[in-house]
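Protein chains in written order, with this note's numbering: chain A, 101 to 286; chain B, 37 to 483.
The set of hints was computed from the structure by calculation and includes no laboratory data. Since the model is a prediction, treat every value here as computed from it, not as a measurement. Don't take every hint at face value.
If you only want the chain B side, here are some residues facing chain A, beta carbon under 10 Å, derived [what the hints assert, rightly or not]: (1) N313; (2) A382; (3) Q447; (4) G448; (5) G450; (6) D475.
FRET-style restraints, in silico, Cβ to Cβ [what the hints assert, rightly or not]: (7) B:G235 <-> A:E197: 46 to 56 Å; (8) A:L213 <-> B:D411: 45 to 55 Å; (9) B:V402 <-> A:E197: 26 to 36 Å; (10) B:R443 <-> A:T214: 35 to 45 Å; (11) B:E327 <-> A:Q172: 38 to 48 Å; (12) A:G212 <-> B:G286: 24 to 34 Å; (13) A:G212 <-> B:E327: 38 to 48 Å; (14) B:R310 <-> A:V267: 43 to 53 Å; (15) A:F171 <-> B:R310: 25 to 35 Å.
Chain B stretches covered by chain A per the calculated footprint, using a threshold of three residues with CB under 8 Å from any CB of chain A [as the list claims (entries may be wrong)]: (16) 215-226; (17) 242-254; (18) 285-299; (19) 394-407.
C-beta atoms are modelled at their ideal positions from N, C-alpha and C, and glycine is treated no differently.
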Amino acid sequence: MQSKLLTLVGILLIVAGCETAIEETIESGGEGAASTVAGTDVVGADTRSSIVESGNVGTAEVAAVDPVMSFQEKLVQQAGDRVFFDFDKAVVRSDGEETLRMQATFLKHNPGLTMTIAGHCDERGTREYNLALGERRANAARNYLISLGISPGRLSTISYGKERPIVLGHNEAAWAQNRVGVSQVD
Amino acid sequence: MNQKVLLLVGVAALAYMGLFRITGSEVRSETEIDITRGTVEPSPIAVTNFHANDPSALVLGAEISTVIAANLESSGLFRPIDQGAFQQKPEELQQIPRFVDWRQINAEFLVSGMVEVGPDNLVSVEFRLWNVVSEQYMVGKRLKTPKANWRRVAHLISDELYTRVTGEGGYFDTRIVYVAESGPPDNRVKQLALMDQDGENHRYLTDGRHMALTPRFSPTLQEITYLSYFNDKPRVYIYNIDTGKQEVLGDFPGMTFAPRFSPDGNQVIMSMARYGNSDIYVMDLHTRVVEKLTDHPAIETAPSFSPDGQQVTFESDRSGKQQIYVMEAVPGAEPKRITYGSGKYATPVWSPRGDWIAFTNIYRGVFYIGVMRPDGTGERKLAKGFLVEGPTWAPNGRLLMFYQQERPTGQGSGDVGLYSVDILGTNLRKVMTPMNASDPAWSPLIP
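Use the sequences and the hints to build the structure in full.
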């Protein structure tokens, strides 16, 4: 749903002839950029039929959309900012390894960036233990990035335990989303 | 400082009290209510308005009486009788009561008192406790204080009454520090708040800009140690209640958390996370020397000293999941696991009397608050819920406070609030707070 909306915004930008947006997509380079371009291409292939025109867009509205992606937005788009963990565990899973490999690539392509990984836990534990567990998770992700050649000095960690859930809700689906390390470009 | 201006003038029972058997240990050793076994039927007690000779002091006398009655009622051990049933008037109680009048309304105990407002707004408050059944005088004192301090006098009197009847230490002249919570779960404001144990004199200590967690009182000073996310660097801080000043404790390279004072107030024990691993450290507050107590790749946290300072209880997942351990308070000492029940065991807190360790237990998705002996025997669950956590001891070691989150619906948080319960699992009560509340810490008796 969200990706469709993003795509829609992309199309509108293109339709409006917003050159900076197009430039931005091209210049971002690297593996991540390839997927961005691919994502845009897909629009033509099979999602156009699912797009419903809902009115005309004035130039004022287009101008209101910031065409420059922040590094954080690029990280999310090119690698993903979230590494998930099993219940009461701080071992990076294979899906997390995949995300972290892409994060490492992103960091290598943007050598000036530093990043903070915030460790989180679901709400089904005690407060102090979860602070420790969140710290463990953040460090597990950090260590994996270091093993991929990212300088330790570029990566800091913070734990929020169960204090700042990423996803609202009180069921297993929400809890699974909250057992997470979230990477944030500083 | 409040305690300086509070003058405890009299252990002086008045002259004619000599008529009764009031001297010392003989009377004190008699316990009127044994609260160490089973459910106790609350004792009917008549708390009369403290008498005064001038009208303004009369109001104060009634207020003191109200506070005392509320304290005693909250203990679950007393049932204050409606004043409408009283036959004898307060002014008639400045001599020996007509016990027959009080027996008629089934009072077991009777509290009478007198208030005098002197020069400089100093008030003199005296009270007497009578056993209606045996027609005995039990205890009486006179206290002098600035008028603004009258609530503390009411709490001190409550403690005297409670102690005389139960043989246990009091806990009414105490305060609670806790985390006041507001806002949505993913952007929750968590700030420190302080109040008297009965909810009065409530105020916020921090403004909520930086998340505050796990406050704990110093046993000796008006200080609190807690975890603050000041500048997104979670570290242990010490907050001075009198001055409002605070300082970060030490200069640690990693997150410091789960702080607690040693029983003598000279040290803070806490966890520090280094490269993702949490161990337990002790800092001497005078020399600032830090010792590392545990050295293990497992999570070690939630440390708490025994009251003699010789041992430490903490939780560790070195066995694979959270369990409670006890070790000598010496670096490198071998911890001994004390929990072998079902589920996980967390947040151990040593009772101020040394006889129990309170804990949080998680089993099959349900949270419990319980107590066990320091050797792990005698486990007893006192409360359970969707989430109950973070027990703290009243200074007499007879009651616990903890926090409970109601089962949430939808995406809200589910109300979070404070509860107290006695160590027999009876007298469970909600502690009222202006906002949602977690992480309570009970103060020692105010010095």
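Checked hints:
1. Taking 10 Å as the C-beta cut-off, the interface hint given for B:N313 holds, the closest approach to chain A being about 7 Å.
2. Interface hint at B:A382: satisfied, since its Cβ lies 4 Å from the closest Cβ of chain A, which is below the 10 Å cut-off.
3. The beta carbon of B:Q447 comes within 4 Å of a beta carbon in chain A, closer than 10 Å, and the hint placing it at the interface holds.
4. Restraint check, B:G448 versus chain A: the minimum CB separation of about 8 Å is within 10 Å; hint holds.
5. Taking 10 Å as the C-beta cut-off, the interface hint given for B:G450 holds, the closest approach to chain A being about 7 Å.
6. With a cut of 10 Å, the hint placing B:D475 at the interface with chain A holds, because the nearest CB-to-CB distance is about 7 Å.
7. Roughly 52 Å separates the CB atoms of B:G235 and A:E197, a value that falls within the hinted 46 to 56 Å.
8. Checked against the hint of 45 to 55 Å, the C-beta distance between A:L213 and B:D411 comes to roughly 54 Å, which is consistent with it.
9. Our hint of 26 to 36 Å for B:V402 and A:E197 holds, since their Cβ atoms are close to 34 Å apart.
10. For the pair B:R443 and A:T214, the beta carbons lie near 41 Å from each other, so the given range of 35 to 45 Å is met.
11. The hinted window of 38 to 48 Å between B:E327 and A:Q172 holds, with their beta carbons roughly 41 Å apart.
12. For A:G212 and B:G286, the Cβ-Cβ distance of about 33 Å falls inside the hinted range of 24 to 34 Å, so the restraint holds.
13. Our hint of 38 to 48 Å for A:G212 and B:E327 holds, since their Cβ atoms are close to 41 Å apart.
14. Under the hint 43 to 53 Å, the C-beta atoms of B:R310 and A:V267, about 29 Å apart, miss the expected range.
15. In this structure the hint that A:F171 and B:R310 lie 25 to 35 Å apart at CB holds, the actual value being about 29 Å.
16. Remark: the stretch 215-226 of chain B is confirmed as covered by chain A, as 6 of its residues place a Cβ nearer than 8 Å to a Cβ of that chain, reaching the required three.
17. With a threshold of 8 Å between beta carbons, the proposed coverage of the stretch 242-254 of chain B by chain A holds, since 3 of its residues qualify and at least three are required.
18. By the rule of at least three residues with a Cβ nearer than 8 Å to a Cβ of chain A, the coverage given for the stretch 285-299 of chain B holds, with 4 such residues.
19. Beta-carbon proximity to chain A at under 8 Å applies to 3 residues in the stretch 394-407 of chain B; the threshold of 3 is reached and the given coverage holds.
Hint 14 alone, counting from the list given before, is not met by this structure.
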